[in-house]
Amino acid sequence: MKQDTDLRIIELGLILPPAPKPVGVYKPVLIVDKFLYVSGQVPFLADGTMMKGKLGADMDTAAGKMAARQVGLTMLSTIKAHFGELKKIKRIVKTLGMVNCTPEFDSHPAVINGFSELMSEVFGEDNGVGVRSAVGTMLPMNIVVEVEAMFELY
Amino acid sequence: MKQDTDLRIIELGLILPPAPKPVGVYKPVLIVDKFLYVSGQVPFLADGTMMKGKLGADMDTAAGKMAARQVGLTMLSTIKAHFGELKKIKRIVKTLGMVNCTPEFDSHPAVINGFSELMSEVFGEDNGVGVRSAVGTMLPMNIVVEVEAMFELY
Amino acid sequence: MKQDTDLRIIELGLILPPAPKPVGVYKPVLIVDKFLYVSGQVPFLADGTMMKGKLGADMDTAAGKMAARQVGLTMLSTIKAHFGELKKIKRIVKTLGMVNCTPEFDSHPAVINGFSELMSEVFGEDNGVGVRSAVGTMLPMNIVVEVEAMFELY
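Residue numbers (numbering that gives the first Met the number 0), protein chains in the order written: chain A, 0 to 153; chain B, 0 to 153; chain C, 0 to 153.
Hints listed in this document are in silico derivations from the structure and should not be mistaken for laboratory results.
Virtual Cβ for every residue (Gly too), placed ideally from N, Cα, C.
You may find that some hints are simply not true.
As the list claims (entries may be wrong) - Which chain A residues face chain C? A few, computed with CB under 7 Å, are given here:
#1 Ile14
#2 Leu15
#3 Ala18
#4 Lys26
#5 Ile30
#6 Val31
#7 Ser38
#8 Gly39
#9 Met97
Stated by the list, open to error - Quick list of in silico lysine-lysine cross-link-like pairs, DSS-like style, CA-CA up to 30 Å:
#10 C:Lys20 to A:Lys33
#11 A:Lys89 to C:Lys79
#12 B:Lys26 to A:Lys89
#13 A:Lys64 to B:Lys33
#14 B:Lys33 to C:Lys53
#15 C:Lys1 to C:Lys51
#16 C:Lys53 to C:Lys89
#17 C:Lys20 to B:Lys64
#18 C:Lys51 to C:Lys79
#19 C:Lys33 to B:Lys1
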């Protein structure tokens, strides 16, 4: 049975930030066959502010996890703006979560769980959970976390 | 001709470590159509110990390569535990190898070869070799190396 | 209408560097169904020299962007050498751009645009632009930038 994900977002009381404009030569989303690919998304708040910080330096794991959740909300907003109805999405397939951090930081999975738990809430415990890697990188403009993902469509 | 990969592992005398439990909100493996996606795997020894260290600091390339081989054995164990028979796998398609290292370390491909040579031994010189990137990142809990991969099924 | 990309490269006056040999256990390109996967490519000049440097330390964004363009030319050369006619490629689907940089560097997207603008010139404004992530990593042998990509075939 298909879930009405757009309705589900309303039921959960989620507020999507405005879909960000691309800051380079890429498409925000691309559909090929029955897969939807999303460019690396970064955390925006509902007022359009981008969340900045570095885990292990000026931000703790709880704040990083909240930023990763905002990445998820930003991604849903991007998909709605460029693809349309979220109910056409069947499941999340693959996530690459990249955390802006110091070499000493060691809780990347806990941070990226902020993104993954949102996807599970929105798409369900089976379809909302896919494969994942969570690693530490250096991100543009001191962004807290960046996530790219691939979804399967109905 | 299909290869019996489960038999091949016995012939090679390989000992698979226990399949690790997920440490976050993700599936260890996910099958979509005829592809098997594996979450980022890390190096476990046969006794369940996780291998830690940083290339360029407290670990040399030979030890890093051995850790990457253990990532491969851990990945095979994960696939067996969550998917079943390895003989349903036709080939490895894509590998992203991420090495925990200092900025000065420069032998990431040699480290990731530990994973890739194992895949070649197990799945054969054609089907066991796919495309690959090998880069340096910062990894959770000082894990030596993390590898994610995609396989094609028969 | 299919574009003759091999002719387009001549029209644009692009000079492809020699296709590099693999420096590890991987295939430069792999075709699965109607997709072409390319291993992480690095910047070579037409004379076969590899471009080295670290953004934020000894190289500025303009030079990094030029290196990313050379990665694109190297990738086209790799595809020609191992797959043949570029006109069999329909579009670029996905790019992962990895910049060798200091933790303070903040213009990864501007660097990777060097790669993405070339793809747009070669394959066109629609088919030459896909989804993308651009992040900072640590790269082998102090290489400036590494890019892996997936293309869809006709």
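Structure-based check of all given hints:
This hint is violated: Ile14 (chain A) has a C-beta 25 Å from the nearest C-beta of chain C, more than the 7 Å allowed. Hint on Leu15 (chain A) is violated. Least Cβ distance to chain C is approximately 19 Å, over the 7 Å limit. Hint on Ala18 (chain A) is violated. Least Cβ distance to chain C is approximately 14 Å, over the 7 Å limit. Taking 7 Å as the C-beta contact cut-off toward chain C, the hint placing Lys26 (chain A) at the interface holds, the least distance being around 6 Å.
The restraint placing Ile30 (chain A) at the interface with chain C is violated, with a minimum CB-CB distance near 10 Å, outside the 7 Å limit. The beta carbon of Val31 (chain A) comes within 6 Å of a beta carbon in chain C, closer than 7 Å, and the hint placing it at the interface holds. Satisfaction of the interface hint for Ser38 (chain A) is found here, the shortest Cβ-Cβ separation to chain C being roughly 4 Å, below the 7 Å cut-off. The beta carbon of Gly39 (chain A) is positioned within 7 Å of a beta carbon in chain C (closest approach about 3 Å), and the interface hint is therefore held.
The criterion of a C-beta within 7 Å of any C-beta in chain C is met by Met97 (chain A), whose closest approach is roughly 5 Å, and the hint holds. The hinted pair formed by Lys20 (chain C) and Lys33 (chain A) fails the criterion: a straight-line CA distance of about 35 Å is larger than 30 Å. With a C-alpha separation of about 36 Å, the suggested pair Lys89 (chain A) and Lys79 (chain C) falls outside the 30 Å cut-off, and the hint is violated. Note on Lys26 (chain B) and Lys89 (chain A): the hinted pairing holds, with a Cα-Cα distance of about 16 Å set against a maximum of 30 Å.
A threshold of 30 Å between alpha carbons decides the hint, and for Lys64 (chain A) with Lys33 (chain B) the separation of about 33 Å lies outside it, so the pair is violated. Between Lys33 (chain B) and Lys53 (chain C) the CA atoms are separated by roughly 40 Å; this puts the pair beyond 30 Å, and the hint is violated. Note on Lys1 (chain C) and Lys51 (chain C): the hinted pairing is violated, with a Cα-Cα distance of about 36 Å set against a maximum of 30 Å. The suggested pairing of Lys53 (chain C) with Lys89 (chain C) is violated, with an alpha-carbon distance near 33 Å, which exceeds 30 Å.
Only pairs whose Cα atoms come within 30 Å are accepted, and Lys20 (chain C) paired with Lys64 (chain B) is accepted, the gap being roughly 21 Å. The suggested pairing of Lys51 (chain C) with Lys79 (chain C) holds, with an alpha-carbon distance near 24 Å, which does not exceed 30 Å. For the suggested pair Lys33 (chain C) and Lys1 (chain B), the alpha carbons sit about 22 Å apart, so the restraint of at most 30 Å is met.
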